[in-house]
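Residue numbers (my numbering), protein chains in the order written: chain A, 2 to 409; chain B, 1477 to 1863.
None of these hints come from the bench; they were simulated from the model. On a predicted model such as this, the values are computed, not experimentally measured, just so you know. You may find that some hints are simply not true.
If we take Cβ atoms under 10 Å as the criterion, some of the chain A residues that face chain B in the derived model are [as the list claims (entries may be wrong)]:
#1 ALA228
#2 PRO229
#3 TYR230
#4 ILE231
#5 GLY232
#6 GLU233
#7 THR362
Calculated Cβ distances over 10 Å to all of chain B for the following chain A residues [said to hold, decoys possible]:
#8 LEU12
#9 GLY203
#10 THR293
#11 LEU390
Here a beta-carbon is modelled for each residue, glycine too, at the ideal position from N, C-alpha and C.
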Amino acid sequence: MPSAQPSPTELGEPDLILVRYGELALKKGNRGEFEKALVRNLRQALASTTKAEVDRQHGRILIRPERRCEKAAKRAAEVFGVKTVSPAWTVASDTEAITAQAAKLLESALAARGQSEPVSFRVRVRRANKAFPLNSSELERHVAERILPGPDTVRVQLVNPEMTLGIEVRDRNTFLFLDRIEGNGGLPVGTLGRALCLLSGGIDSPVASWLAMKRGLHMGYVSFHSAPYIGEGFRRKVREVVRNLGRWQYKAPLFTVPFADIQVAIRDQTPERYRTVLYRRMMQRIAERLATAENCGALVTGECLGQVASQTLENLTCIEAATSLPVLRPVLTYDKEEIIQIARRIGTFDISIQPEPDCCTVFQPNRPVIRGRVKDCLAAEAQMDVEGLMQRALDGTEMELLDHEGGA
Amino acid sequence: MVYAPMTTVYLDNAATTPLAEPVREALAPFLGEEFGNPSSRHALGVRAAEALTRARTQVARALGGQASEVAFTSGGTEANNMAVLGAARARKKQGAQILLGATEHPSVRAAGEALSAEGFEVQTIPLDETGNLDLQVAEALLTPETVVVAQMLVNNEVGTIYPVAKLARLARKYSPQVHMHTDAVQGLGKLALDLDQLGVDSCSVSAHKVHGLKGTGALVTRPGTRLQPLIFGGGQQGGVRPGTENVVGAVAFGAAAQMADDRCEQTYEHAAGLRAQLDNGLKTLSGISLLEAGTERMPSICSLLVPGAPAEVWQHHLEARGVFVSVGSACQSNDSSVSPALLALGLDAERARRVLRLSFSALTTSEEVQIALDALESLAPELEDLS
Chain A
2 MPSAQPSPTE LGEPDLILVR YGELALKKGN RGEFEKALVR NLRQALASTT
52 KAEVDRQHGR ILIRPERRCE KAAKRAAEVF GVKTVSPAWT VASDTEAITA
102 QAAKLLESAL AARGQSEPVS FRVRVRRANK AFPLNSSELE RHVAERILPG
152 PDTVRVQLVN PEMTLGIEVR DRNTFLFLDR IEGNGGLPVG TLGRALCLLS
202 GGIDSPVASW LAMKRGLHMG YVSFHSAPYI GEGFRRKVRE VVRNLGRWQY
252 KAPLFTVPFA DIQVAIRDQT PERYRTVLYR RMMQRIAERL ATAENCGALV
302 TGECLGQVAS QTLENLTCIE AATSLPVLRP VLTYDKEEII QIARRIGTFD
352 ISIQPEPDCC TVFQPNRPVI RGRVKDCLAA EAQMDVEGLM QRALDGTEME
402 LLDHEGGA
Chain B
1477 MVYAPMTTVY LDNAATTPLA EPVREALAPF LGEEFGNPSS RHALGVRAAE
1527 ALTRARTQVA RALGGQASEV AFTSGGTEAN NMAVLGAARA RKKQGAQILL
1577 GATEHPSVRA AGEALSAEGF EVQTIPLDET GNLDLQVAEA LLTPETVVVA
1627 QMLVNNEVGT IYPVAKLARL ARKYSPQVHM HTDAVQGLGK LALDLDQLGV
1677 DSCSVSAHKV HGLKGTGALV TRPGTRLQPL IFGGGQQGGV RPGTENVVGA
1727 VAFGAAAQMA DDRCEQTYEH AAGLRAQLDN GLKTLSGISL LEAGTERMPS
1777 ICSLLVPGAP AEVWQHHLEA RGVFVSVGSA CQSNDSSVSP ALLALGLDAE
1827 RARRVLRLSF SALTTSEEVQ IALDALESLA PELEDLS
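Isolated chain A, as found in the complex (with noise of 0.2 Å):
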């Protein structure tokens, strides 16, 4: 039984998040330029959620943030490369206000948890000051000693226990905490460097974007807009997209190419089965000059295996061969439940179901063609002007960065 219990007082908000960050540790390499692009895409996340100050100490990344302690915690654990955070108390580094703290924290979970069988638990230390008088496992021992109420409501178990409370012990300050939220994990976005995502009206390619996000890819998007044959709806509706994938992302280029001439173009001088495959051809060719221009190196597509009859293997390699760069297609083979899943959780779902059109239902094709073949497509191709098409949509595109606020 503890001998003394401090007397515990109420307990206030955290005032400090602790950020873990798994894969990155791993990059001996660059690791110091991974940090530097966690911290800044942290301080970005934050921005719309709380004044906060962020800085790397330690293997971890500490945020104390102004206000709103619980939601920027959230915030943090939703930024690729993060791991794990923990909202956190700090106390000086001594014993006395250490343990006094983690009985009140202990109280606190235990009145959350109301009536029910004894918790499991136990103390877990991290000592990143050596010169603090009791090393990791005897600091643990005297902590638990003194603040555990009886084994009636908490029983203490060191493998896998229900509840852990965490002890950081720095050289001027210990943070303590309870909970840990799981992050999103990946890596910093931009750390991989830059790609173009070719971005239609529907459920995929916002999911694609996500997960080469995910993967540490900075991402610009280009839309195809066929005005006047579709309206300004569509446009809307791809900024939003946009904008809701800035939660990942702060600020991201957009660019939209005027499309109709191409898609009339191809109806009216190629065989009606091929126009699909065609237009796709275009877009890649288009996607590849902007891409070049704004130093990215792959191109992002929604592209998924079998989802409808005409995206076979046959077609990919035709569309593949119009662009030199690597074509990245993170949801090839995924099936449309797991997109629409990740388009949920992610917030794209409700906007790609709006019904903006991307295309419109007059250069659609009767039957598209199922098998491809690349020599057709170039056959079909001879019979019109690529080059000048290509570099009339490219003086007609126009560029805007669009922020997760929802400012231009």
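Chain B: place on chain A using the hints.
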């Protein structure tokens, strides 16, 4: 810009209208120094209350009613909800049958669905094949149990003017306690409206269809009308629709309603001239025809049937030439989303996708109609053969 028209020809006035300059002038003080709460007992509040009363009088006058019978709402939707739900719920003990017009606005139809879930029996008064209200069927449907009849005055898609007064007389013949409601949102400012002549107990109107502000409408009721309120609060507007009044919107609506009513005959004649001009112009344009639905029609609402490409494609091509219109049914919509008004006229989903609506206001000019005609003519070769 993907498109950058030099001029804007706005022919979508059934959707909304631009704010009129005199209305803007009338509301300006209420965005500035006249910010009082009409319920406050000091001078600032009293002035706001007076402005509100004046606005109420102006709206009432446009409908041949009294200021005390005007409840300002957030718009036509709320006014329709208030009337249909409020009247039915207040008459629960008298009967459980509701009759709704075939082409009612979603705010009436959805209120009907809500009542149906509460145990009311909701039936529809159909249109006949010419687009007229089928009064014979209506007569057959009416019973002493009928507690609410709601029938719009002017169809917002094809412009048919329905014989609300006749229907009201029939309704009262079979059910003396019936609440007769009309949605006159598309009628205000073009028809001389009068609650007594229409024979209705309540009438919905909306400010932004007559050059006022969006977010303001009104339900005008006859004295003694029983309505169960939808919202509860501090007793403003006689408790029928509590909440601190939207003074700016009401003042704007008052000014707009007065202007609209003062000029309603000229506006109607003006629109009739524009419709004749459109009709004449279309005669030389093969393939585009004017939909004529019902015997009496509001000339400010003209629906065209276009050939070839879906109406949505025509719409965006017109837009690229600066002409703003609307469509009856979107490209990707299915049968179930085709509006009942178009279905009632015998249009299937395929034909409904070919309906283009041009609608005029008092501010529409004959030059603008000519620009639209020219644009249609120049687009025809490009679009009429597409499918």
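Taking the hints in turn, this is what the structure says about them:
no.	hint	result
1	ALA228	4 Å, holds
2	PRO229	4 Å, holds
3	TYR230	5 Å, holds
4	ILE231	6 Å, holds
5	GLY232	5 Å, holds
6	GLU233	8 Å, holds
7	THR362	6 Å, holds
8	LEU12	39 Å, holds
9	GLY203	13 Å, holds
10	THR293	23 Å, holds
11	LEU390	16 Å, holds
Every hint, counting from the list given before, is met by this structure.
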